[in-house]
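Novice: Residue numbers (my numbering), protein chains in the order written: chain A, 22 to 342; chain B, 22 to 342; chain C, 22 to 342.
What the hints contain is simulated information worked out from the structure, not anything from laboratory work. Small disclaimer: the values here were computed from a predicted structure and weren't measured. Any given hint could turn out to be false.
Identical copies go unnamed one by one, so any copy, or any two together, can satisfy a pair.
Stated by the list, open to error - Derived SDA-like pairs (lysine to any residue); straight-line CA-CA distance at most 20 Å:
hint	residue 1	residue 2
1	Lys260	Ile110
2	Lys99	His241
3	Lys69	Gly338
4	Lys217	Gln245
5	Lys99	Arg75
6	Lys99	Ser70
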Amino acid sequence: MTQNLQLTADGKLKHFLTPEGLSAELLTQILDTADTFMDNSSARQQIKSMPLLRDKTVVNLFFENSTRTRTTFELAAKKLGAEVVNMNIATSATSKGESLLDTIRNLEAMFVDAFVVRHAVSGSAHFVAQQTAPHISVINAGDGSHAHPTQAMLDMFTIRQHKPDFSCLRVAIIGDILHSRVARSQIHALNILGVKEVRVIAPKTLLPAEIETLGVTVSHDLQQGLHDIDVIIMLRLQKERMNSALLPSVSEYFHCFGLTEEKLKFAKPDAIVMHPGPINRGVEIDSKVADGKQSVILQQVSNGVAVRMAVMAMTMGNFAH
Amino acid sequence: MTQNLQLTADGKLKHFLTPEGLSAELLTQILDTADTFMDNSSARQQIKSMPLLRDKTVVNLFFENSTRTRTTFELAAKKLGAEVVNMNIATSATSKGESLLDTIRNLEAMFVDAFVVRHAVSGSAHFVAQQTAPHISVINAGDGSHAHPTQAMLDMFTIRQHKPDFSCLRVAIIGDILHSRVARSQIHALNILGVKEVRVIAPKTLLPAEIETLGVTVSHDLQQGLHDIDVIIMLRLQKERMNSALLPSVSEYFHCFGLTEEKLKFAKPDAIVMHPGPINRGVEIDSKVADGKQSVILQQVSNGVAVRMAVMAMTMGNFAH
Amino acid sequence: MTQNLQLTADGKLKHFLTPEGLSAELLTQILDTADTFMDNSSARQQIKSMPLLRDKTVVNLFFENSTRTRTTFELAAKKLGAEVVNMNIATSATSKGESLLDTIRNLEAMFVDAFVVRHAVSGSAHFVAQQTAPHISVINAGDGSHAHPTQAMLDMFTIRQHKPDFSCLRVAIIGDILHSRVARSQIHALNILGVKEVRVIAPKTLLPAEIETLGVTVSHDLQQGLHDIDVIIMLRLQKERMNSALLPSVSEYFHCFGLTEEKLKFAKPDAIVMHPGPINRGVEIDSKVADGKQSVILQQVSNGVAVRMAVMAMTMGNFAH
């Protein structure tokens, strides 16, 4: 069902809600399309502006605040020549109690072409995609603890830049797997692209039950878990978890699961370190690692613009308007 | 006086503050201009982008929050090629106690070309139009309980799509007439365009004194009031009224004045149902009616983009800059 | 050091953080460049749109709210064809405790070309300029009580419009010098451009210690201080000062240092009156003066668009990208 919803009748990407159920070919097509927007001809990497979406209107429909994610989508859409309307419904008093469905119906009546949806409730983006008019594309910018597919794809893009052959990679995802939509989408994307192993490393309280069914191995020990790892993905520890019963204390967490230069040595010497940001320095990652030679964290941010351009161009260009 | 303020010396539209005092010819010109922006050539209706306002700057000057109205004006201005600056003065701490007049003076000094004004005080848009520089157009996006002229004109546009001859129409406006700027502007526009009858249906507590002087008939009974009606316009019941002494209770209001499928049968069988939005489902209108065959509520939203383009193109293009 | 930070190796403007340390030639170049954006060919002054910054992205990075300043930078950037992203970090919950440095690193990774920085802490814009990538320009839109260089330059532009020869001018700056970044930048700019005298007029409690070292004369009496003055610059009295121990009362302040028509007569008869806005009518300036014949306050606002265009064009165009 998920596949059908995200794809057109002839198998092209119509919405981008989750990597789950998509083919390796399609995910690779996203990465290849993103590559075409990267201009590496000069010393400084740049993005090619391409007016592929001229006269299109993209609505950033954010029910959760996220200036950073909203900004990358806005920049990506503008690089493609689209108009962008930002609707921050979390802070506005303007929804006037209107239902999500009525909000969608009204916006689609205003001749918009795509919704970039961020919502605290898992499944919201799917709901919007199911309900919206056939000519409108929906891109999930994070729904509850369910999925954050463009983040996962910019991570895949970054991995491929450094380690072109997914099939020989062991990837560790470290931290609060339980609440992380980023981790869920990464696990799906990594398995679809055929990595050798996805290993999650976390305290038991921050792991969902039966996580192995997603196709991962599990470790509760950072030192052991990092053995033989090519790619390290750190997750952000949300402040609300820090004070909850799920964790003993921040310093205890950092002691056990925080990535330091010493711990990093347990992975392969050429392992790359990733983080979706924003970083909690000294909570899940030490500054020396975050800013160190193996870190590709800022490359992830740059790649996010190109990958979001790719997803918008593919979803909004792939079916008859 | 109102006419003079809204019109140039040679009778063209300079500001759009209220339909009151304008001619049927001018209102019809707005509708005809809006028609030219509608592209019905393909299966799906679209809006034609036209760079009539290239190098013009429109300021959305919103002293009341209204993401939806602000968004339609923003989309309309961008479809015409104008730059848009959004100033949400309700939520910003930036006005620093500056007077409305000083705010206007400063913005006009920044080389802007039009103000779209939303303000809680009746008469605000007139005040801005009286005070602003001669080359600047002012469009009223709702002032207190006084006027909301672009909403009224998109309603006229929607009526004309379905019932082209105004002269044979009986139109009912139902609900909180007392506090509604939308109702006031609709009554003026309908009478100027020469409908056979404008009938207001409301409890006595939600009707202004001497409402008949505006050129309406009055009913306090929904069933009787709907007799022979071609067009039904429901008004939104504001939450603050629901809890006030003006109304017994929400359920009692819905029982007496809420539009249900049963009540709808008392109107003509081909009557259309309109609502300015956002809808309070189960308060003033039942979902079955709002989403039913006779509802044209979402068409109103689409028409709003074209009508606002027309008003901006006419006011900002009609006099020497 | 300041010079080096603001200038490229061949002496062109790279960042604009403070007038301090810049040459009269460079400040004059800013004024001359701003002149080229002013179109005075028709009865009404207009700004020339010039696509000098097409495909560039400017980020308005505002850690303090200021709709007015943000809007002039936004308008100026758009007149130059740049894309603008507004980030209001004061009101957004989105920074998630991220440090200023991490925010900068992330934004520069998104392929932006300039930061317009407003921050409550003195030195913030310098910090950003020191830390940011070499290809990015930083424009200070006000940092603490340190500097507000574009405001100072639009003031210089306005003075030159009315009094073309700086070398024969006596300029008075009146009010809360102690807390004013505007005053500091004006004093630097006026001295660099070689005015005959910069005189500050203020109660002792609102003057910094050793203010004379900046190259000013001091008066504590408005009547005496205005003698022989060509240009009067009033400063805004911040509300928080009004209630502090620094001032006896607002009415006492207005009595001693507020500019009225009577007081204005003590300056030269052709003196011009300036104010950075927003005005506190009846606190530091009487409405009859603010709106009177000698006031050039709204011209300052208009000139602000051209001057900000000049600064953006010079900083973003002056070095290899």
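Novice: Work down the list of hints and note, for each, if the structure agrees.
Specialist: We went through each hint and held it up to the structure:
1. Only between protomers do Lys260 and Ile110 lie at most 20 Å apart by alpha-carbon distance; the minimum there is 19 Å, versus 23 Å within a single protomer.
2. For the homomeric pair Lys99 and His241, neither the shortest alpha-carbon distance inside one copy (43 Å) nor that between copies (53 Å) is at most 20 Å.
3. With identical chains, the CA atoms of Lys69 and Gly338 are at most 20 Å apart both within one copy (18 Å) and between copies (19 Å).
4. Taking the shortest alpha-carbon separations for Lys217 and Gln245, only the intra-copy value of 17 Å comes in at or below 20 Å, while the best inter-copy value is 74 Å.
5. Taking the shortest alpha-carbon separations for Lys99 and Arg75, both the intra-copy value of 9 Å and the inter-copy value of 12 Å come in at or below 20 Å.
6. In this assembly of identical chains, Lys99 and Ser70 lie within 20 Å of each other by CA distance both inside one copy and across copies; the values are 8 Å within and 17 Å between.
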